[in-house]
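Visitor: Residues per chain, in single letters:
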Amino acid sequence: MFKNYLKVAYRSLVRHKGFSFLNIVGLALGLTACLLIGLFVFDELQYDKSVPEGNQVYRVYTEYTKNEALEAFAVVPPMFATTLKQEFPEVEQTTRILMNSSISLLEVGEKKIYLENGLIADSTFFDVFPLPFKYGSAKEALAGTRSIVLAEDAAKTLFGGQDPVGRELKVSKTTFIVKGVLRNSLSKFHLKINYVLPLAAAEIPAERMKSWGWQQFYTYVKLKPGTDAQQTQAKLQDYIVQKVRNLDKKDPITFVPFLQRLTDIHLHSASFKYDLAVRGNITYVKALSLIAAFVLLIACFNFVNLATAKSMQRAKEVGIRKTIGASQQQLMLQFLIETVLLTFVSVLVAAVLTSLVLPTLNEFTGKDMSFNLLAQPVILLLLVILTVVVGLMAGFYPALVLSGFQPIKVLKRSVASDGMFGRVQWLRHGLIVVQFSLSIFLIVSAIVVFLQVDYLHNKDLGFNREQIMFFPMRGENMKKSYESFKSELLQTPGVASASIGYGFPGDAVAGDQIQVPTKGEQKLYSVTHLMVDYDYLQTLGLQLLVGRNFSKELTTDKDHAFIINQTAAQELGFGTPEQALGQTLVWNVTADSVKKGQVIGVVKDFHYKSLYDRVEPAVLHINPADYWKVAVKLKGENLGSAISGVKEVWRKFSPDYPIEYKFLDDNFTQMYQAEDKLKSLLWVFTAVAVFVGCLGLFGLATYAAERRKKEIGIRKVLGANTSTIVALLSKEFLKLVLVAALIAFPVAWVVMRKWLEDFAYRINFPLWVFLAAGLAAVAVAFLTISYQAIKAATTNPIQNLRAE
Amino acid sequence: MIKIENLEKVYRTEEVETKALNKVSLTVNEGEFVAIMGPSGCGKSTLLNIIGLLDEPDGGSLKFAGTEIAHYTERKRADLRKRNLGFVFQSFNLIDELTVVENVELPLIYLGVSAAERKEKVDKVLEKMQIMHRRNHFPQQLSGGQQQRVAVARAVINSPRLILADEPTGNLDSSNGNEVMELLTELNEAGTTIIMVTHSEHDARYAHRVIRLLDGEVVMENVHKQFTA
Ligand SMILES: Nc1ncnc2c1ncn2[C@@H]1O[C@H](COP(=O)(O)OP(=O)(O)O)[C@@H](O)[C@H]1O
Ligand SMILES: [Mg+2]
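Same order as they appear, the protein sequences are chains A and B. The first sequence maps to residues 1 to 804 in the UniProt record's numbering. The second sequence maps to residues 1 to 229 in the UniProt record's numbering.
Bound conformation, chain A alone (with noise of 0.2 Å):
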C-alpha cells in the first residue's frame, strides 16, 4: 500500500511538473530563509555559554536617569570591584578590564604589527574566565607588571607557530614576557581578544583605583554556588546608597548598580554606553525569527493554495479510489504522503541552498557558522522533522478537502466544479491575502529602512568630513614635539589644513563636567569635552555663530578661552548663543588644578557622534596634554602625493611606529554597519517573500484560467477582445492585493515608526512609501496573473469549446 502510495505520488510530481516546481521552489525558498536565520539565531544564543561556571558570573553596570531618559554604562569605577571582593562574601571573585580604545604596536624583533583587542585586566581575569591555554597556563599568567598573554592568531603573526612562552615581545615599546597563548576558541566569546596585560602594567596611582566616579572599568564578579544574585544586587545597591552616595556633599553618585549575566551580555546589552563586548541584539534576534515563522508560514501557505487548487484535477482520482473502496483516512494518508514527500525534496533543495548561501551570510556577519549534515546529525534531525512538521502543516487542509470529495459528483465531470469548494475558494484567497500583506508590510520596511539609512549616511552633519586623513599621534617624540609636527604637515604640499587634538566627530570623545558660576552658586554640567587646537574649527569645517575662534596671538585663550556648542548655550542656561559669549566657565582639571574661562564662541551643532545620540552640550577648549589625534584636511586634488606627504612628515618624528590612518568620513560609515546590513538583509527577505507570494498566485491564476476556460471560450465566440478577458481574469486576484495592502499599512506604520524613535535624527516617515509598495505589489500581481490570463485569452476559442 505505502508503495503504491509513493509511486502514485512520484508519478504525479512528475505529471504536474509546472506545479510541482512552483511548489518545490517556493516551499525550498522559504525553508532556506529559515534554515539560515535559524543557522544565525542560535550562533547569537550561544554566546559565553560554554564558559565553565559562567552561570556564577555577572557583569556590572551602571543606570543614570538623565533627561528623563535612563541610560546604562558598561563600564563601571575602579572601587565596585574592591568592595566586592572585600565586602560581600557571597563574591568569589571579581575582575577589571580597564576601557581603553586604543591600537597598539607590537614588536617581535623586526616585525611590528598594530593590534587592537587588547584587554587590559586584573590578575583575576583568567579565575573568573578559565578560558583554555594552549601554551603556558592561566595560574601567575598576569602576574606582575611585565606578563602578557597572546591569543593564538596574534601569537601565530608574532611568533609563527613556535611555543612562545617565555620570549620578549614589546607593546607600545614596554617589554614583556610572554605567559601563555590562549586557544582558538573564543568565537562564542563576548570579548575578542588579541592579548591580554596586567592592569599592574598601567601603572594607576593607587589614590585613582579608589574612585567611586570614575567610570572606567569593565567589571564582573563571580558569586560562589548557589548565590542570588538578585540579593547581592538588591545589597550592592543599597551599599550605594548607604555608603556611597554621599561620598562627596557637592557631587552626589546617582548611578544605580545592576548586574547583568554573563549569557546575557551580547544580546542585552544593545543599548550601553561604552561597551567594550561583542554585541548582538536580542530585538533584531526576535524579529528575524519571527521574519522566519513568517516566511516559512507563507511558503506553507502557498503551497496549501497550490494544493487545493491542483485538486480540482485530482477529484476524478478521488472518485475512482473511492468508488473502489478506498476509505477517507487512506486517502487522506495517501495525500500527506504526497506532501510529505515534496517536503523531503523541498527540504534537499533548501539543505542545498544553505550551505550553498552560507559562505556569504557567514561573510555578512562576520561569523562561522557551519551546516553540515554528516558532521551536524542535530540538523539531520532537524531536517527530517522539518520535513514531517511543514509536510504535515502543508498537506493537512488540502488531504482533508481531497479525501471529502463525493465520487459521483466528481465523476461526472471530468474536472470538478468550483461549486463544491465555496470555502476552499474562500480559504485560497484569504492565503493570497496573508501573503500580500506581509509582501507588502516587507516593502513598506524595506523602503523606509533604505530611506532612513540614506538619510544616516548622508545627513549634513555641520561640519567637512571629507579628504580628512585621521591618525593617533605615536611615540614619545611625537607627542613632546607636536608643534613642529604639525607645522611641517602644513607644508607639505596638498595639505589644507590640520588640527591636533581628542574629540574629533565618530571617534572617542571624553566626558566630564563643567561649572557654571552664577550668582555665587555653582552649578555643574555633565558635557562633552572637545580637547582642541586652533585649527579644529578650520580643519572640520565648523560655523561659528558668534564669536570668535582660539587665536594664537591672544596668549589667554590657551588658558582662558572657551567655545561652546548651540545646545551647551542652552543647557548651561545662557539662552541664546549671544547671550553665553563672555560667560565663565570652569573645569576641574584634577583634583587640585581648574581651569576657569569665558566663552569666546559659539559654534552650530555637529554631529561628533552617530545619529542615534542627540546632540550633547560640548565644550571646546586648548588642552595639549590631552593631544593625540591628528586630523589632516587634504586639498581635493592628488589625494595620492598629499598621503605620501604626511607619511613622510610622520617618518620623520616617529620612525620607530608605522603610520596607520583612515579617512574621517570611514568613522560614520562604520557607525552604520548593522543599519547597512538590515538594509541588504531586508531587500532580500522582501524579494524572496515577494517571489513566494507570487509563486501562489501563479499557480491560482493558472488554476483560474484552467476552470474558465469554457466561459472564456463562449465570451470569445460573442465578440469579447483579449483585453476584456484579461482583465475579466486579473480582476478579482487585483482585489485582494488591494485589500492585503489596506492590511498592511497600518501594521507597516506602527511598525517601522517604533524603529525610527530609535534614532534622535530620523526621517519623517514618508507617506508615498505606501502608495510605492501597492503599486509595485499591484503591478508584480498584475505581470503573474497577466501571463495566464493573456494566455487563455488568446487561444483559439473552439479548442477550448471542444475539449468540453
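Quick caveat, the hints were computed from the structure, so don't treat them as lab data. Backbone N, C-alpha and C fix where the C-beta goes; we use that ideal spot for every residue, glycine too. Keep in mind that the hints are not guaranteed to be accurate.
Computed Cβ-Cβ distance ranges for the label pairs, DEER-style [stated by the list, open to error]: (1) A/L392 <-> B/E74: 21 to 27 Å; (2) A/L775 <-> B/E17: 47 to 53 Å; (3) B/E74 <-> A/L775: 49 to 55 Å; (4) B/E182 <-> A/V388: 48 to 54 Å.
With the hints as your guide, set chain B with the ligands onto chain A.
Guide: Just chain B with the ligands now, with coordinates in the frame of chain A:
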C-alpha cells in the same frame, strides 16, 4: 440479491427540484443480468449509483443480500464496495498516473491482499481480458476498447458478487462494444450478477431482462431470456 422498494431521490438546486427517482421498486436476483434503459435524464445513473452505494436515496429501502443498506455509514459503504461490488463506467475512469497492472490491482491493495497473490490474480485476469501485452502501459497509451477491458478487469479482480456498468459501451465503436458485452456475458455465466445501464437495444439483448425507466419511474419490464436461479 438486490431488493428495492419505493426508492426516491430528489436533487435540489437553488431554483428547481428534480425528482430523479420516484418510488422505484425492483428486484434483481443472484446471477441475473439486468439492463436498465430509458431516455437521457430519466434517472438511470442515479439508480445505479444508489445501488452502488455511491449516493444515498431520500426515501425507500435498498436491500443487498437481505440486509438494509440504504443508510450505511461512509465506512461501511466503502467496505461493502470493495468486497462485493465492481464498477464499469462509460468514461472508463482509469487513474492516469497508474499503469494497467497498477490500476487493476488497486482494489486488491485496498483489500490488503499480499503482493504475490495480487500478481497472480492480476495476471490471470489480464490474460482473460487479453490485455496482458499492455500490462505496463498507461491508460492514455491504450485505445478506448483496451481501456474499457482494463476497467472491466479492475471491476472483476476482487471477484465481486455484483457488477454495476453505466453505459459501458457508450464510448466504444461497435466491435469494441461487442467485445466488452461478450466479456460481461462470460462473467455473468460464471455467476456474477450484473446490472447495466445502456442506450443500445443491441446491448440490452445480452441481458436476461430489461427495465425501462421514464422520468424516474419504472414503466415496463421485458424479459429477453429465461433466467433460472
Ligand atoms: N448532482 C445533481 N444535481 C442536480 N440534478 C441532478 C444531479 N444528478 C442528476 N441530476 C438530475 O437528475 C436526473 C436524472 O439524472 P441521471 O440519473 O444522470 O440520468 P440518466 O443517467 O438517466 O441520463 C436528471 O434530470 C439530472 O439532471
Ligand atoms: Mg447516465
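Visitor: For the range 49 to 55 Å, tell me whether the beta carbons of B/E74 and A/L775 fit it or not.
Guide: 50 Å, holds
Visitor: For the pair B/E182 and A/V388, does the Cβ-Cβ distance stay inside 48 to 54 Å?
Guide: 51 Å, holds
Visitor: Per the hint of 21 to 27 Å, is the separation of the Cβ atoms of A/L392 and B/E74 within bounds?
Guide: 23 Å, holds
Visitor: Given the hint of 47 to 53 Å, check if A/L775 and B/E17 actually sit that far apart at their C-beta atoms.
Guide: 50 Å, holds
Hint check: no violations occur; every hint is consistent with the structure.
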